[in-house]
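Trainee: These are the residues of each chain, in order.
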Amino acid sequence: MRHILAKELKLNLKSFLIWSLSVGLLGLACILLYQSMQGEMKEMADAFSNMGAFSDAFGMSTLSIATLKGYFATEVGTVHGLGGGMFAAILAIGMLSKEEEGHSGEFLFSLPVSRTKVIIAKGLCVAIYLVLFTLVCGILYVSGFAYLGEEIPAAQLATFMGRQMLMNFEVAGICFAISSLSWKNRMGAGIALAMLFYFYDVIGRVVPDLKDYLFVGPYSYVNAAEIFTDADTPVKAIILGISVTVCGVVFAFYYYNKRDLAG
Amino acid sequence: MENVIEIKNLTKSYGKNRGVIDVNLNVKEGDIFGFLGPNGAGKSTTIRSMLGFLKFSEGSIRILGMDSVKDHEKILSEVGYMPSEAWFYNTMKVSDVIRYAADVRGIDCSEEAAKICEKLKVGTDKRIKELSLGNRKKVSIVCAMQHKPKLFIFDEPTSGLDPLVQKHFFELINEYVEKGATCLLSTHVLSEVNKYCKTAAIMREGRLTMLDSPKIDDETFLSFYEDEEEK
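The listed protein sequences derive, respectively, from chains E and U.
Under numbering that gives the first Met the number 0, the first residue of the first sequence is numbered 0, with each subsequent residue one higher.
Under numbering that gives the first Met the number 0, the first residue of the second sequence is numbered 0, with each subsequent residue one higher.
Keep in mind that a hint or two might mislead.
[Stated by the list, open to error] Derived BS3-like pairs (lysine-lysine); straight-line CA-CA distance at most 27 Å:
1) U/197 - U/147
2) E/257 - U/69
3) U/120 - U/92
4) U/125 - E/13
5) U/73 - E/257
6) U/92 - E/116
7) U/92 - E/9
8) E/183 - U/128
9) E/116 - U/147
10) U/15 - E/183
11) U/54 - E/183
12) U/69 - U/118
13) U/92 - U/69
14) E/9 - U/125
15) E/116 - U/118
16) E/9 - U/128
17) U/92 - E/13
18) E/116 - U/120
19) E/116 - U/149
Think of the hints as simulated: they come from the structure by calculation, not from any bench.
Next comes chain E alone, as it looks inside the complex:
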């Protein structure tokens, strides 16, 4: 099993590097741009904080984008949330199905290894890269704060990154289940799913009637404005997120073990 894991890590290394460095460096660039934009930010912050539902949706009514913390929450929060969700979706949705699409399944499954072990190895690969993605991005963001000589909101940043990672696991869990169903790599569907979750959250925060159902979406517990203003922990959404992740993985094990493999 460790050889399958090692092979998967190697095959997905390039994708991991591209996504983690792209998202992390984009976030870092946003942080580094803060000082040059600081003067203009004060006027913008007043304007943005008085835009009603729109300001609520992006957390600008509770957190001023004129401060680095507020700026990070609104700018980097969006970049990291979308980038992480898409990376998780792309990584997981092709993990099982690529064997059949690329016809390598006949080679892999003719080796003396059970489907369960293959699923474990591939699931571990997804988990390892999601943790590393969070670490790489986290290190780059902290470097940005340190370079600017600003105080690092360590606890809030750790909560933000931890919940982002959980959200990535939830998206990956759903996509891993889809991957077990499919004989083709549904990368487009994975990206669309991540986008759908993101916009469900944005719309849910703008439309008052949807607010009660926000917790259903994985982006509901990663809202940076809430985290950086120490809002109450959305326990219901987090429990649902963990449950969905577990269900996705369990389903992948169950279904992939019982179905025919395409040639």
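We have chain E; now place chain U onto it with these hints.
Mentor: What follows is chain U alone, placed relative to chain E:
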């Protein structure tokens, strides 16, 4: 001699579509068994059921005395399989694919792999995506043979191979069979059946019929491929 393959009343369908119907097959140790039949007759379905790729609905399969479902991993450690279309991971190097197959098996096959690579003239430095079908098939042969399995299962192994490599391929099979291995050879090539197979069976529309002898003439062979309605 013991049966290396024992299939009893195997039935596999794909929804409403026929796969194989009530297949019974015994292949003895040391045999080179010719598995014939038109495209879509059910040969690959039988092979893929044996290897656990397909979940069959009725019947039982025993390979090397073990149950194909319960002892799936143990069986695969003693089997060398070459699929009709040899696909691997495009970005991997040939040498990495061969080593990977050995590593997953948990054994060092480097000596045997080097011997087979030399005999079949397999270039190990190239990436899989740079290889032609014939060269991918040669890699597949190495992966199927390097661990010296007790049972070989080849699905149309020689399509895409040049005549010299085909000759070397059958020399290797004979060498392993002389040492006690068994070979199931699914093929459309009459000369291979006549020259190398000891027993043979024909599969037509999901049903299997044993042949009295693998030594058959062109006309008889081609008649296997005619539609039931034409006959």
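Trainee: For the pair we were handed, residue 120 of chain U and residue 92 of chain U, check the Cα-Cα distance against 27 Å.
Mentor: 16 Å, holds
Trainee: Within a Cα-Cα threshold of 27 Å, do residue 92 of chain U and residue 116 of chain E meet the stated pairing?
Mentor: 24 Å, holds
Trainee: Are the Cα atoms of residue 116 of chain E and residue 149 of chain U separated by 27 Å or less?
Mentor: With Cα atoms ~24 Å apart, residue 116 of chain E and residue 149 of chain U stay inside 27 Å; holds.
Trainee: Verify the proposed pairing of residue 92 of chain U with residue 69 of chain U, using a straight-line Cα cut of 27 Å.
Mentor: 34 Å, violated
Trainee: For the pair supplied as a hint, residue 92 of chain U and residue 13 of chain E, is the alpha-carbon distance within the 27 Å limit?
Mentor: 16 Å, holds
Trainee: Can you confirm whether the C-alpha distance between residue 9 of chain E and residue 128 of chain U stays at or below 27 Å?
Mentor: 16 Å, holds
Trainee: Measure nothing beyond the straight line between the CA atoms of residue 125 of chain U and residue 13 of chain E; if it is 27 Å or shorter, mark the hint as holding.
Mentor: OK: residue 125 of chain U and residue 13 of chain E at ~19 Å, within 27 Å.
Trainee: Holds or violated: residue 54 of chain U and residue 183 of chain E, Cα atoms, limit 27 Å.
Mentor: 20 Å, holds
Trainee: Holds or violated: are the alpha carbons of residue 73 of chain U and residue 257 of chain E at most 27 Å from each other?
Mentor: With a Cα-Cα distance of about 19 Å, the restraint between residue 73 of chain U and residue 257 of chain E holds, given a limit of 27 Å.
Trainee: For residue 116 of chain E and residue 118 of chain U, compute the direct alpha-carbon distance and say whether it is at most 27 Å.
Mentor: At roughly 34 Å apart (the allowed maximum being 27 Å), residue 118 of chain U and residue 116 of chain E break the hint.
Trainee: Quick one, are residue 116 of chain E and residue 120 of chain U close enough, alpha carbons at most 27 Å?
Mentor: Cα-Cα ~34 Å, so violated.
Trainee: Hey, residue 116 of chain E versus residue 147 of chain U, does the alpha-carbon distance stay inside 27 Å?
Mentor: Holds, because 24 Å separates the two Cα atoms, which is no more than 27 Å.
Hint compliance for this structure: hints 12, 13, 15, 18 are broken, all remaining hints hold.
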